[in-house]
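Put the two chains together into one complex; each comes in its own frame, and the hints tell you how they fit.
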Amino acid sequence: MSDITSQSLFELISNIKEKKLSSEEITKAFINRAEKSKKLNVYVTDNFEKAIDQSKKFDSNPNLDFKLPGIPIAVKDLFCTNGVRTTAGSKILNNFVPTYESTVTQNLWSQGAILLGKLNCDEFAMGSSNETSFFGNVQNPVGENLVPGGSSGGSSAAVAANLTPVTIGTDTGGSIRQPASFTGTVGLKPTYGSCSRYGIVAFASSLDQAGPMTKNVRDCSMLLEVISSFDQKDSTSIDFKRNNYSKELSKDIKGKKIGIPKEYRVDNMPVEIEQLWQNGISYAKDCGAEIIDISLPHTNYALPTYYIVAPAEASSNLARYDGVKYGFRSPGQNLIEMYEKTRSEGFGDEVKRRIMIGTYVLSSGYYDAYYLKAQKVRQLIKKDFDNAFSKVDAILTPSTPSSAFKIGEKANDPVSMYLNDIFTVPINLAGLPGISIPAGKDKNNYPLGLQVIGKPFDEQNILNISYALEDKINFKNDISDWWLSE
Amino acid sequence: MSIDLKTVKHISKLARISVDDEKANKLQGDLNNIFEFIEKLNELNTDNVQALTSIAETTLRFRKDEIKSENIREKILKNSPEENKDFFVVPKVVE
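Respectively, the protein sequence lines represent chains A and B.
Here the first sequence is numbered in the working numbering, starting from 150 and rising by one per residue.
Here the second sequence is numbered in the working numbering, starting from 8 and rising by one per residue.
Just so you know, not all the hints are guaranteed correct.
[Claimed, not checked] Partial list, derived from the structure: chain B residues whose beta carbon lies under 8 Å from chain A:
1. Leu12
2. Leu34
3. Asp37
4. Leu38
5. Leu51
6. Thr53
7. Ala63
8. Ile83
9. Val96
FYI, nobody ran anything at the bench for these hints, they're computed from the structure.
Using N, Cα and C, we set each Cβ at its ideal position, and we do this for glycine too.
Here chain B stands alone, though its shape is the one from the complex (with noise of 0.2 Å):
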């Protein structure tokens, strides 16, 4: 299976960022040949094999629900975009 420009313009809208028709082009001949060596992995079968989605094994812990007051207001405001010392301020994202 290869994957054609109209595809790599569809997966850069999705993840967000931009590509002009030469850095396409690019990712197309770049992106083909690691599917290429990735495809590999259908020489296996695997119907009968469980998905490892994790490798510690173990359960989320609990923790409780406790109130810790530390005042790190003004530490947050530090990476604020914009000057301002009672607000984060950003672009709008919600319309």
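Next up, chain A with everything else stripped away, as it sits in the complex (with noise of 0.2 Å):
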């Protein structure tokens, strides 16, 4: 049996259905090899001593009819734990214990699994390195000093260092693809309404999506199945009928209709990016399916319009945080002097520029330049996928224009941070389900990774045809444990 912490889900679920490890091995081992990660920074806060109590408990009366039966699972810090501290990477939250669970992780729990604890993540999910958290970069396990991508860095990191077996992460704009690709791991952003927002400390309310980040592909449709429900408690969730993706998964995509878009050809794209894409097309027709070239004509307008919408709905998602009913509070002489101070000391500078764009474009006299013509231009861009969908079964794209950058490398350039996010940030304004999957190296030897866009609610169609091209990849993320110590 290959070393534990090694294993992906699948292998250790049936380990423990055939009674050949125990809950409490696998749970210690991965927080044995979390004692000496510590370099890595991916834990804001740890349930160790409880997540061992849970699983010696699960083991005295094993249910194996669970999906993740005494399966270990560190989940990033934006999902409210009952009882275990939420930061969402923020100093303003730092203190917040959440008397209430987020469906998701309920979800989690409810089908055997044991929370590890709250991984890091750039402040309130806005970033794309895991640079703003208050709580310190986390490096990327693919190499030193390098940025694991963002929002979700620590769920990344966890999932390529063996720290955790899976993780869900959040996706607004490209939180869960970008990291994925960056660390050679599979990334999930389902259509937006499968998974529940309740519970999950809010950016952007029409853009924010839970969703699975694992090994492979295999184990990304296990997670999904068990964390996609319909709830009552979010007003966007949609009742339509969950597959059962790890059963239906197949390598078969014969006859599939998959589009090429033009517009993703982006100047200054690394040749190995092209190259990737142009390999994940021979591997696509080597299984059958068919490619034909489409056109996304506003995709170029994708960024420009996120960076109003996403601030705009993050500006009052955030007024919340004033010291007032809960979290940090810094005293002033009256109460706006509170405020000011407050928020001032207790978000970091991206939080805040963000914040400040998102009043801007809302405040009286400029609400119809930018938020309203913002809002026509996503309709364009939804628009421009209906059209693709009617020719096409899926589309095919690079997920990021380029692979992991050294931490501090663009910490000071907010727009050159955001063209990270240039290939992901369309599916969200679209409200489509993306994978990443690892796909390929650069000169470098550092991962980059290939996007499948699906239509609305067909996420089992993209898991297939990731699952197709996985096998044709074989990629190998050769991670030397560097950071360990003893």
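See below:
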């Protein structure tokens, strides 16, 4: 049997079901490795003691009908966890302990999973490198001083470094798919409305979705099956028939029509990414898929649209952090001063920048010029996809325009940081499902990903295409464990 | 169009985030870079386009107006900024 922590979710569950491993053995293996992996800084808060107790409890009377029987899982620190501190990577929520559980994490525990701890992320999920977290940078296990992507950077690093078998992240403009691409892991953003937003610290409510981050496509299908559910507590949750994604997973994609959008061939894209894309196209053909050239003419307008819509929603959502009812408070001479000091000291620079953008575009006299304009362009972007999906079943693109960059390299240039999400943002604006799978490496040996985009609620199809491509690509993430301490 | 320092200070007031002069200068530069990039949208004529306000295309659901008596008083009070077993004590916010 291979080392416990390097096993896939599928293998761990098989070993539990065949009584070759206990939940306690698995849980302790991940905890031991985490104790030696502090240099990566993936954990904001650990739940190790309670996790061991829960694993023992599971072993004393194991229910093997669960979909995640006794499996320890760490989650992004954006999900409210009952009785366990939830910070959203922010000073302003440094001491916040929720008294309720998010629906998607509850879905994990209801299927037998055990909380290992809360994973680092960009502050309020605003960032593409995990550098905006109040709790410090996360190291990408792929190489020293490399960013793990963001905002689910602690999550991507933890999966790649074998510190959790799988995890869940959130994706507003690419926050699952971009870090998955940077770490050689798999990340899926479901259709808007698939996974409940109840209990997830809100960033941009019309874009936010939770989704699985895993070592491979099969694990991804297994985890999606658990977290995707209709929820009365989220008014935008959609009641549709959800597949048994793992059961219906198939490499047979013969006759599937896959679109290649010419607008994703951007200036200055590294040759390796173009090559990776071409390889993906040939593999899809080898599997019997039909490749069709398509056009998504408004692609170039997606990022500017996103940087109006997302900050506008964020500025409204984050108005609640005023120091009055909960969270960090900085005292002032009067009420207004208290508000201003609390928010100035409690939020980091990127969050403040986005609140300012959002406040500006919603302010009197500018609403029509910016916010309304952006909503109209969002309609055009969605129509591009509607048109494309009348001709094809899925769309194949690169996940990101570059591989992981060095910590600090883009920290002082917001616009260049935003460009990281150029291939992922349109999918959020259109509410579609998208998955990033590792597809190759660049000249520095850093991973690169390919993205498969689907029709609304067609997660099964993009999982199947990814499953077929994964088999052909045969990606190996040779990570050297350089960070381990004794 | 460029954002001047006065506008930066005005937005910071609206957003209830205090900024000193140094921060305001830095923010002015950042915001102008970001808005320069956002202005690209003006290339598009959107006169006859309907704004997309919700991606989910569903109408809000109604639920039955039922009283659910969960005893969550203690739970709620746990996050009260001041120790108090009966009330959620906060600074005075209404004059």
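Hint-by-hint comparison with the structure:
Annotation: interface hint on B:Leu12 violated; nearest CB of chain A at approximately 13 Å, more than 8 Å. The interface hint given for B:Leu34 holds, since its Cβ lies 6 Å from the closest Cβ of chain A, which is under the 8 Å cut-off. Interface hint status for B:Asp37: upheld, as the beta-carbon distance to the closest one in chain A is roughly 6 Å, under 8 Å. Evaluation of the B:Leu38 hint against chain A yields a held restraint, the C-beta minimum of about 7 Å falling below 8 Å.
Using the Cβ-Cβ criterion of 8 Å, the hint placing B:Leu51 at the interface with chain A is satisfied: the shortest such distance is roughly 6 Å. Taken as an interface hint, B:Thr53 checks out: its beta carbon lies about 4 Å from the nearest beta carbon of chain A, inside 8 Å. Contact between B:Ala63 and chain A, as hinted, is supported at the beta carbon level, the nearest pair being about 5 Å apart and thus within 8 Å. Using the Cβ-Cβ criterion of 8 Å, the hint placing B:Ile83 at the interface with chain A is satisfied: the shortest such distance is roughly 7 Å.
The beta carbon of B:Val96 comes no nearer than 10 Å to any beta carbon in chain A, farther than 8 Å, and the hint placing it at the interface is violated.
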